[in-house]
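In case you want the letters, here they are:
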Amino acid sequence: MATPVLDKADAAGQPEPGFADSPYITVTFRIRRFNPEVSAEAVWEDFQLEIDPKERVLDGLHKIKWDIDGTLTFRRSCAHGICGSDAMRINGKNRLACKTLIKDINPEKPITVEPIKGLTVLKDLVVDMEPFFQAYRDVMPFLIAKDTNEPTRERLQSAEDRARFDDTTKCILCAACTSSCPVFWNDGQYFGPAAIVNAHRFIFDSRDDAGEQRLEVLNDRDGVWRCRTTFNCTDACPRGIEVTKAIQEVKRALITRRY
Amino acid sequence: MKIHKYDTVIVGAGGAGMRAAIEATKRSRTAVLTKLYPTRSHTGAAQGGMAAALANVEEDNWEWHTFDTIKGGDYLVDQDAAEILAKEAIDAVLDLEKMGLPFNRTPKGEIDQRRFGGHSRNHGEAPVRRACYAADRTGHMILQTLYQNCVKEGVEFFNEFYVLDQLITEVDGVRKSAGVVAYELATGEIHVFQAKSVIYASGGTGKFFRVTSNAHTLTGDGQAACYRRGLPLEDMEFFQFHPTGIWRMGILLTEGARGEGGILRNKDGERFMEKYAPVMKDLASRDVVSRSIYTEIREGRGCGPEGDHVYLDLTHLPPEQLDAKLPDITEFARTYLGIEPYTDPIPIQPTAHYAMGGIPTNVEGEVLADNTTVVPGLYAAGEVACVSVHGANRLGTNSLLDINVFGRRAGIAAAEYSHTADFVELPENPESFVIEQIERLRDSTGNERVATLRRELQETMDANVMVFRTEQTIKTAVEKIAELRERYKNVSIQDKGKRFNTDLLEAIELGNLLDLAEVMATSALARKESRGGHYREDYPNRDDVNFMRHTMAYREVGDDGTESIRLDYKPVVQTRYQPMERKY
Chain A
207 MATPVLDKAD AAGQPEPGFA DSPYITVTFR IRRFNPEVSA EAVWEDFQLE IDPKERVLDG
267 LHKIKWDIDG TLTFRRSCAH GICGSDAMRI NGKNRLACKT LIKDINPEKP ITVEPIKGLT
327 VLKDLVVDME PFFQAYRDVM PFLIAKDTNE PTRERLQSAE DRARFDDTTK CILCAACTSS
387 CPVFWNDGQY FGPAAIVNAH RFIFDSRDDA GEQRLEVLND RDGVWRCRTT FNCTDACPRG
447 IEVTKAIQEV KRALITRRY
Chain B
944 MKIHKYDTVI VGAGGAGMRA AIEATKRSRT AVLTKLYPTR SHTGAAQGGM AAALANVEED
1004 NWEWHTFDTI KGGDYLVDQD AAEILAKEAI DAVLDLEKMG LPFNRTPKGE IDQRRFGGHS
1064 RNHGEAPVRR ACYAADRTGH MILQTLYQNC VKEGVEFFNE FYVLDQLITE VDGVRKSAGV
1124 VAYELATGEI HVFQAKSVIY ASGGTGKFFR VTSNAHTLTG DGQAACYRRG LPLEDMEFFQ
1184 FHPTGIWRMG ILLTEGARGE GGILRNKDGE RFMEKYAPVM KDLASRDVVS RSIYTEIREG
1244 RGCGPEGDHV YLDLTHLPPE QLDAKLPDIT EFARTYLGIE PYTDPIPIQP TAHYAMGGIP
1304 TNVEGEVLAD NTTVVPGLYA AGEVACVSVH GANRLGTNSL LDINVFGRRA GIAAAEYSHT
1364 ADFVELPENP ESFVIEQIER LRDSTGNERV ATLRRELQET MDANVMVFRT EQTIKTAVEK
1424 IAELRERYKN VSIQDKGKRF NTDLLEAIEL GNLLDLAEVM ATSALARKES RGGHYREDYP
1484 NRDDVNFMRH TMAYREVGDD GTESIRLDYK PVVQTRYQPM ERKY
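In order, the protein sequence lines correspond to chains A and B. Heads up, the first sequence is in this note's numbering, so the first residue is 207 and it goes up one at a time. Heads up, the second sequence is in this note's numbering, so the first residue is 944 and it goes up one at a time.
Simulated from the structure, these hints should not be mistaken for lab results. A hint or two may mislead.
Sample of chain B residues facing chain A (criterion: CB under 7 Å; computed from the structure) [what the hints assert, rightly or not]:
| hint | residue |
| --- | --- |
| 1 | 979 |
| 2 | 982 |
| 3 | 1095 |
| 4 | 1194 |
Beta-carbon label-pair distances, calculated as ranges [to be verified]:
| hint | chain 1 | residue 1 | chain 2 | residue 2 | range |
| --- | --- | --- | --- | --- | --- |
| 5 | A | 415 | B | 1286 | 21 to 29 Å |
| 6 | B | 1250 | A | 434 | 51 to 59 Å |
| 7 | B | 1362 | A | 458 | 46 to 54 Å |
| 8 | B | 946 | A | 356 | 35 to 43 Å |
| 9 | A | 367 | B | 1368 | 31 to 39 Å |
C-beta atoms are modelled at their ideal positions from N, C-alpha and C, and glycine is treated no differently.
Just chain B, with the same shape it has in the complex (with noise of 0.2 Å):
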């Protein structure tokens, strides 16, 4: 086992993980943890944009941008927080151009700007353009952008170093963070990073379901070290389903297509989101267009033989302007499904894609013990935290931004507070849970294997508490995860080794998933209500009375051992925007 001190340490290189990195290593002595390689992560796949109200190709504002942002999140987003998220998009993208990134251009050399799902023009009239774009590589751009500054203030990283644990200390009654546990993928050693700070950033949870967009290796876990040593996980109900996945795939197609004019049809060849979103037609929110493609679908209008999808049609765009503006989504539709979208649809069907719940923060990114309290030394951002800027919803473009806008301010805060705080106290044996946990798996000769227990639940997962929700269904899913919980237990690897041991990571990731899909689904059969992504046919309208509140989930251990889920609910920040119906 090594030790390691730093003043800061964040785990995760994406675009949060790194944008705070260049921050942080401005200020303090910084290390950055990630199980992969920097540029491997996902905010690479991201395609269609970043919003900021620049106003440069039509009139648009800050404030039409916070209220969009509130209503797409059918009123659970935290309005302070959505308000700093609008306001600091500006100068977000401003930062990232003057780092190098190659927006697209308008006629006067100015970063152009595209339409994207929910952002309108004054408080829903129309769509409006607010997306900074790079063609459909923004996501791309944004990742190569970071890891070049990166390099350029000579951020340390830890390259597949995968964190394990978190750990804590209590300090005259305060919980504290005093460090991570840190499993080397290259060597199978330990490592323990004492430090001042952490700041996790190491992305949502997407691969519990089948169907999705997300990466193998988005599995939650900085979401689980955290809710294992009691921290509480937010509003975890809420999942978002991108509507156009590649059919069977899941490989995401940008909103930016629709965003250039792109239209969904069913198979009669009818343009069906006029009949459910008048205005915004096929750029309404997200959760709204998901669910219209598969109350489509349910209705017996899907396509092909089995009518089990819709296609995003793109024939009606020149294919220059497909060239230009949609380089990499065209590519993918002649990849994976041989099909050439200058003269052929593409079928899609809704993909899970964003977790807009997560580890609970301020807006300084603090993370919280409970509805109010900091935990000194704690950080999260991007997709594992909850601001919340997403509520229930979170619409495309806000992510990209969320990433820098509060990585930046994560990275800053953590490393301000690195100056004034001391090392903490680290736990005795810091790293016995971690070398608990893997020598368990390393030594078990249960009959489990870890493919079959994650098939098992993505099943369960697509078919249970995806678009579509009911007691029921939810009933399903819990049940079933715990008995997946409970057969884990039996599982073993075949690759015992030191080096590189991916059989052994597997696992773990898999345990992660376990214990976070657990959190979703009693979060959300608790939920009896419908808003924005968690939709439950049981309780199809929105209860701003019982329900406009987040969703607190803390793990709890009884005396003999027993685990269970505890829900508390904490209050919505509410500033100017009273809840209204959510009309497109």
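Same shape as in the complex, but just chain A (with noise of 0.2 Å):
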């Protein structure tokens, strides 16, 4: 077997060509500032701070936060794109804070950061989740399976109905697609991106019952039918879930009746 070549992955030490010897470089960050305590108007602050271009935008706004600027408030945890917290609009784009670094968006400019659009915000970078939430709870997340008798082992699946779902099962709740899309911008009832997909999840599981009761729901005036297809949720989606893709599945699934 080849010994794997080492000195590649050296370079992942190095600074980035562009960013000359140190790695740490100026940015400004413009961020939305909102303070019900304060003002019912938000405002657009700017921060200067030393920043590795390979570090995550989520580290700038720590820095920010930890040195800078207490009150500065947004949502985090796991900080590597699984638990969804962070997503906010950087640069215009809805993008995980953890996910994005700073050298992908051009430093050079002001980084803009605002919270996510669509839904209330309570106080800069976090917004009111539960309109989002309560549109994922009427698609009925979860598995109905109409057994008669359950079985004592494991339902089988094949490996390619498994993979007929696969796509939407690794939705993260994150908010990016839905607070993306400008039906939902406009009307809040749209169901939105993410409660279609965790639809598709189960419509299309192979071991699911309940396909024909999520698809009316979606038939609904409020449902998959107000999609107009811009595939801006496909491009905010920060786990490269084909939302469009998804969404579109579930309308042809509506007239075809088949899945």
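With the hints as a guide, bring the two chains together.
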């Protein structure tokens, strides 16, 4: 077996080309601030900080909170794109702050950070997630199997049947997709992409028997037909889920009643 | 202040909390309190699998699993508990499948299984395929599946409610759980939850290290709340360092990568684990692999300009296999390191990962007030607890198992207890401790910053009580922590508001970390032997005569208000396995 080429990976410890010898650069974070205890108006506030461009936007927010302004408020937990806490609008696009590196978003210009749109802002980058989770709950996001006798062992499922809904099992409920959707911005009644993704995950699971019920929920006037296929959701998904495709598959299932 | 009354209150909504909630909600009026949202919990970051001797792909049985767990834990495991863990593993996995968990499948359509560190056929003969998995997202799927079933069962959640105090009332000479006090993050309001039974499922303490796989929010809140009320903490010196964290960042890269055939290499490209573990090689237990990595680094065979890491090599595995079995960790390497794992090895170093110790419980999840006495109405499960099924070192895939087996047990036991018990009267002014704590932090004009103290704590923990420890390094840590605890009294925060005051939250979390770091270092100093995750260079051998026993640490407050830690010990429960030398 070939010995791995070791010198290539050493580059990971070196500054990226174009960032000179010191890994640190000065960047401006332009953050949308809102604190109803202080003012009814939201304002932009600029912060200058030194940061290694290989660090995350979340690292920048932490530097501000920990060393400059402790009142800056945002949600975060895992810091590597799994928990879904820190979806925000970074340079006008929905992303997870912990999965976005400074070097990937042009640090020459101020980096704008705002709360995700379409949900009520409670403080700084924190929004009210309740309407989002309500839409999720409305699609019955759990397996409904009408086995007359529950099997003693696991239900069998072929690898192909398992692959059919693999993409939509990746959802971390961060709301990046739903809050990037122009239809959702204009009408908060729309279920939004994330709820449809989670309905898809069960409709196309061979073990589930409640596809018809879920399709009826999504056939509603605030359901899938509101989707205008703008692909914002697919672009926004930090897990790489083909959200628009999933919505199209649900629409097709509603017409053909085959899934 | 608001007062709520529930039969059962569960603190934490990760895997253990939600598994408990599914059982408790069916049986009693239950509330789940979490400082996050349920799907934000760190169970979701677990990757590789959940152990159960299903024998779907090769011969296996739960007795072998029991043995591996006990040996993996370097004989500090309570053997009766390990037997329950391994036996109930099979139903725990099948229950999750029936709840909808999308496991990877074999060609026959059964749940697929892969190899994992320390799990062996017939008592150590060779690695066995025991880990049930869903790509490298097993924790994510467990968390989502449990949340989905909580929605189905109508579990009542109080999201972003941070539990700050455990209420205990003495009734006829017996200290009983009366409920908890929580701080509502959105409003700053205090809530008292009076409950017949309380289950802690609030996770680990990993954030007292700097290089850690743990979330920012893993600050030992449950352990600290119980410890402050005089309850013991068990085996806190045992902390697991996962061999493969992303270099400098600590982000977890699953052991499943080695289960799929990945190899650890030093700067010479040598597969160094062959030297340290001739049979299990890269799949030896985590404490063994982490020590081996640091031995390579210390002896000058580390990689990179500073020789401070080694490589996880996946380049010999087909890209299709990486895409199908390890899609997330390969993406982490691309996102955070700019490395393509198809063609380049990934720089890794051991990362602080898991607290083996915690709130002592029996196998029903009941919390112990000393070596034998149960605290009526108080339960704990998951990483916050110490049953002890992990002993001195947890095997990979046994934590996702632990949360399901003991989460379920605690949920049932707590709900059933609530049927037989009355509400315990709340202490006078139950909210007073929490209000005093919050007001002190909010009103403080001291000149210490939370972030500074936390950084100094993490630096001393990384330097002094990580993979290798000595009397001197541990003493350095103990002294530094004492200094930081003193300086913590002068911590002030900038955010004085009521709404979403995460500045205040982080200050409280730091206080918890400091308390627990002190317990950890003090327990480590007294354990003059090496066992599992606790490795003393000045005492490199295991000492079964003096130390095959659990540490029990108690907080004591003197008449003059001075705090100290009293250490006591508890015997290990031994059934059929005699301690042997541990070789992989």
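Could you work out which earlier hints the structure fails to respect and list their numbers in ascending sequence? 5 and 9
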